[in-house]
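Once you've looked at the hints, dock chains B and C against the given chain A.
If you want the building blocks of each chain, they are given just below.
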Amino acid sequence: MRIAACIALLTAMAGAALAAEIPQAERRSGYGFMSADTKAMQDEDTDNPGMLSVLDGETLWKRKAGTADKACADCHHDARLSMKGVAAHYPAFEKALGRPVDLEGRINLCRTNHQQASPFAYESRELLALSAYVAQQSRGVPIAPGDDPELAPFVEKGHALFVQRQGQLNLACANCHDDNWDKKLAGSAITQGQPTGYPLYRLEWQALGSLQRRLRACITGIRAQAYDYGSLELVELELYLMSRARGMPVETPAVRP
Amino acid sequence: MANSEHTRRTFFGITGGAAAMVIVRPANATPAMLQAAIRNVVGEANVRSGKVKLDIPPLVENGNTVPMTVSVTSPMTADEYVKSIHVFNEKNPQPNIGNFYLGPRAGRAQVSTRIRLADSQKVTAIARLSDDTFWSVTADVVVTLAACTEEAI
Amino acid sequence: MPSALINVPKKAKRGDVIEIKTLMSHIMETGYRHTASGSVVPRDIITSFTCRFNGTEVFRADLFPAIAANPFITFFTTVTESGKFEFEWIGDKGFSETAQASITVE
Numbered sequence: 001m002r003i004a005a006c007i008a009l010l011t012a013m014a015g016a017a018l019a020a021e022i023p024q025a026e027r028r029s030g031y032g033f034m035s036a037d038t039k040a041m042q043d044e045d046t047d048n049p050g051m052l053s054v055l056d057g058e059t060l061w062k063r064k065a066g067t068a069d070k071a072c073a074d075c076h077h078d079a080r081l082s083m084k085g086v087a088a089h090y091p092a093f094e095k096a097l098g099r100p101v102d103l104e105g106r107i108n109l110c111r112t113n114h115q116q117a118s119p120f121a122y123e124s125r126e127l128l129a130l131s132a133y134v135a136q137q138s139r140g141v142p143i144a145p146g147d148d149p150e151l152a153p154f155v156e157k158g159h160a161l162f163v164q165r166q167g168q169l170n171l172a173c174a175n176c177h178d179d180n181w182d183k184k185l186a187g188s189a190i191t192q193g194q195p196t197g198y199p200l201y202r203l204e205w206q207a208l209g210s211l212q213r214r215l216r217a218c219i220t221g222i223r224a225q226a227y228d229y230g231s232l233e234l235v236e237l238e239l240y241l242m243s244r245a246r247g248m249p250v251e252t253p254a255v256r257p
Numbered sequence: 001m002a003n004s005e006h007t008r009r010t011f012f013g014i015t016g017g018a019a020a021m022v023i024v025r026p027a028n029a030t031p032a033m034l035q036a037a038i039r040n041v042v043g044e045a046n047v048r049s050g051k052v053k054l055d056i057p058p059l060v061e062n063g064n065t066v067p068m069t070v071s072v073t074s075p076m077t078a079d080e081y082v083k084s085i086h087v088f089n090e091k092n093p094q095p096n097i098g099n100f101y102l103g104p105r106a107g108r109a110q111v112s113t114r115i116r117l118a119d120s121q122k123v124t125a126i127a128r129l130s131d132d133t134f135w136s137v138t139a140d141v142v143v144t145l146a147a148c149t150e151e152a153i
Numbered sequence: 001m002p003s004a005l006i007n008v009p010k011k012a013k014r015g016d017v018i019e020i021k022t023l024m025s026h027i028m029e030t031g032y033r034h035t036a037s038g039s040v041v042p043r044d045i046i047t048s049f050t051c052r053f054n055g056t057e058v059f060r061a062d063l064f065p066a067i068a069a070n071p072f073i074t075f076f077t078t079v080t081e082s083g084k085f086e087f088e089w090i091g092d093k094g095f096s097e098t099a100q101a102s103i104t105v106e
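Going line by line, the protein sequences match chains A, B and C.
All residue numbers for the first sequence refer to my numbering, where the first residue is 1 and numbers rise by one.
All residue numbers for the second sequence refer to my numbering, where the first residue is 1 and numbers rise by one.
All residue numbers for the third sequence refer to my numbering, where the first residue is 1 and numbers rise by one.
Source of the hints: derived by calculation from the structure; they are not laboratory data.
Watch out, some of these pointers could steer you wrong.
Computed spacing ranges between beta-carbons, pair by pair [stated by the list, open to error]:
{"id": "1", "chain 1": "C", "residue 1": "56", "chain 2": "A", "residue 2": "39", "range": "52 to 60 angstroms"}
{"id": "2", "chain 1": "C", "residue 1": "96", "chain 2": "B", "residue 2": "36", "range": "50 to 58 angstroms"}
{"id": "3", "chain 1": "A", "residue 1": "62", "chain 2": "B", "residue 2": "69", "range": "20 to 28 angstroms"}
Which residues of chain A face chain B? A few of them, derived with a C-beta cut under 10 angstroms, are [what the hints assert, rightly or not]:
{"id": "4", "residue": "37"}
{"id": "5", "residue": "49"}
{"id": "6", "residue": "79"}
{"id": "7", "residue": "83"}
{"id": "8", "residue": "182"}
{"id": "9", "residue": "187"}
{"id": "10", "residue": "188"}
{"id": "11", "residue": "201"}
{"id": "12", "residue": "202"}
{"id": "13", "residue": "203"}
{"id": "14", "residue": "255"}
A quick note: this is a predicted structure, and the numbers were derived from the prediction, not measured.
Glycine included, C-beta positions come from ideal geometry on N, C-alpha and C.
Excised from the complex, chain A in its bound form:
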């Protein structure tokens, strides 16, 4: 029964034409689709397992690293002040590279350029912890990606990737997350794919993970070849998603099923 419904829905999605973007008033964080139990896990810091990474991040923020023997705190001081609202503006344009970088990319640029340390691996405990700690300082701050004109073509590329059908299921992100977010796929809510709480703790992962991990999992789900961690395509998708979520409050560290 469930399998049949699942296949029917996927087929319907594959056949349907793309609808428009979600109107401003109808935008909903993934939080709004969750059960009361999962919401409670996010609401209380002492219940939220994502806070373990935030704590780790606070320790790393103060730890000296690299040949420069500098800690994040040596330049940026108290993260609670200096990092407030910062994550809400990412990905941001990096002039030296001529492309946008996400928060994880920025942390690694800081490591290589200023701390003269080796960059952290994607999804490493350290990178997740530091990005969670930095992003948590923006909790409640409305998402506001920069209006830097140099970013515009990358937002456009991200949008193009979002609506581009791909994979063996021939689905675009938009087929689910713009057109069918009020429906269910198997037992799960489809959601709008709003990136409000990353890095976040997924019950499925039983761990904290980045938006890039989530995007790669989705792409694998439609049976397409996932872009590599750190690839420009993933950053463009992140950038488009953040521009699509403009004004929604940051929830890091969110909890999701």
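Chains B and C in isolation, oriented as in the chain A frame:
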């Protein structure tokens, strides 16, 4: 029965796009294993139903992290209290979930934790009181599978 | 660098029953998962959690692979005097971590 269940889930995992990372394997705990695990705690004592309350969602969004609270009706005085609470499951590879040892100074016989359920199944909580009587409650939990799960490790 | 998140009220009145919440970072690898190449990922779990107050055990738990990653355990205790709670998590592969929290009883 167990075989068809496994086939269905394997197929479902493929439909979802990738192998499920939850504990999907044929070797579920058998009813005999569950009975043995319970006997291991209660010995030959009779287990009565009552006094124990199990708060667990009847339908869970992800079997990897299921919130659960067990509470026992007890005055929690020096003479009359809950010694321990034992939680078991029916279909995970192992029947035990956790043992929790309290005492009169707990004040309130209640523990919460988060558990893993590999499939829709029954969860049983058994309390041992200070007079060495055993009381239990059982709840049914339906575990839905995520539509798009990641590749295994 | 495992971290723990402990929630104990800073103050309480003599005889109060307080709730204690604990979260410990740990993968709780079940020993029942396989890698893509088919080899079993060895079990790596926390097997025991103990809470002591001023040296006396007030709560203990045996954990099994069915406890979710980053074990979250909450329980209650009656406070009769000011003092220190000590928490201890012990597990496979020599895992051993402790945390402390103080309470003032008025």
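Could you say whether the range 50 to 58 angstroms given as a hint is met by the Cβ separation of residue 96(C) and residue 36(B)?
violated (30 angstroms)
Does the Cβ distance between residue 56(C) and residue 39(A) fall inside 52 to 60 angstroms?
Violated - the Cβ-Cβ distance for residue 56(C) and residue 39(A), about 37 angstroms, lies outside 52 to 60 angstroms.
Minimum beta-carbon distance criterion (10 angstroms), residue 37(A) to chain B
holds (5 angstroms)
Classify the hint on residue 49(A) as holds or violated, based on whether any CB of chain B lies nearer than 10 angstroms to its CB.
The hint holds - residue 49(A) has a Cβ within 10 angstroms of chain B, the shortest such distance being about 8 angstroms.
Given residue 187(A) was flagged as interface, is its beta-carbon under 10 angstroms from a beta-carbon of chain B?
holds (3 angstroms)
Does residue 201(A) pass the interface hint, meaning its C-beta sits closer than 10 angstroms to a C-beta of chain B?
Interface hint status for residue 201(A): holds (9 angstroms vs cutoff 10 angstroms).
If you check the beta carbons of residue 62(A) and residue 69(B), does the distance land in 20 to 28 angstroms?
violated (37 angstroms)
Take the shortest C-beta to C-beta distance between residue 255(A) and chain B; is it under 10 angstroms?
holds (9 angstroms)
Just to be careful: measuring from the Cβ of residue 188(A) to every Cβ in chain B, is the smallest value less than 10 angstroms?
holds (5 angstroms)
Going by Cβ atoms only, is residue 182(A) closer than 10 angstroms to chain B?
violated (15 angstroms)
Hint check: is the beta carbon of residue 202(A) less than 10 angstroms from a beta carbon of chain B?
This hint holds: residue 202(A) lies near chain B, its Cβ roughly 8 angstroms from the closest one there, short of 10 angstroms.
Given hint residue 79(A) near chain B, where the shortest CB pair must fall under 10 angstroms
Interface hint status for residue 79(A): violated (28 angstroms vs cutoff 10 angstroms).
The structure does not agree with the numbered hints 1, 2, 3, 6, 7 and 8 stated previously, though it agrees with the rest.
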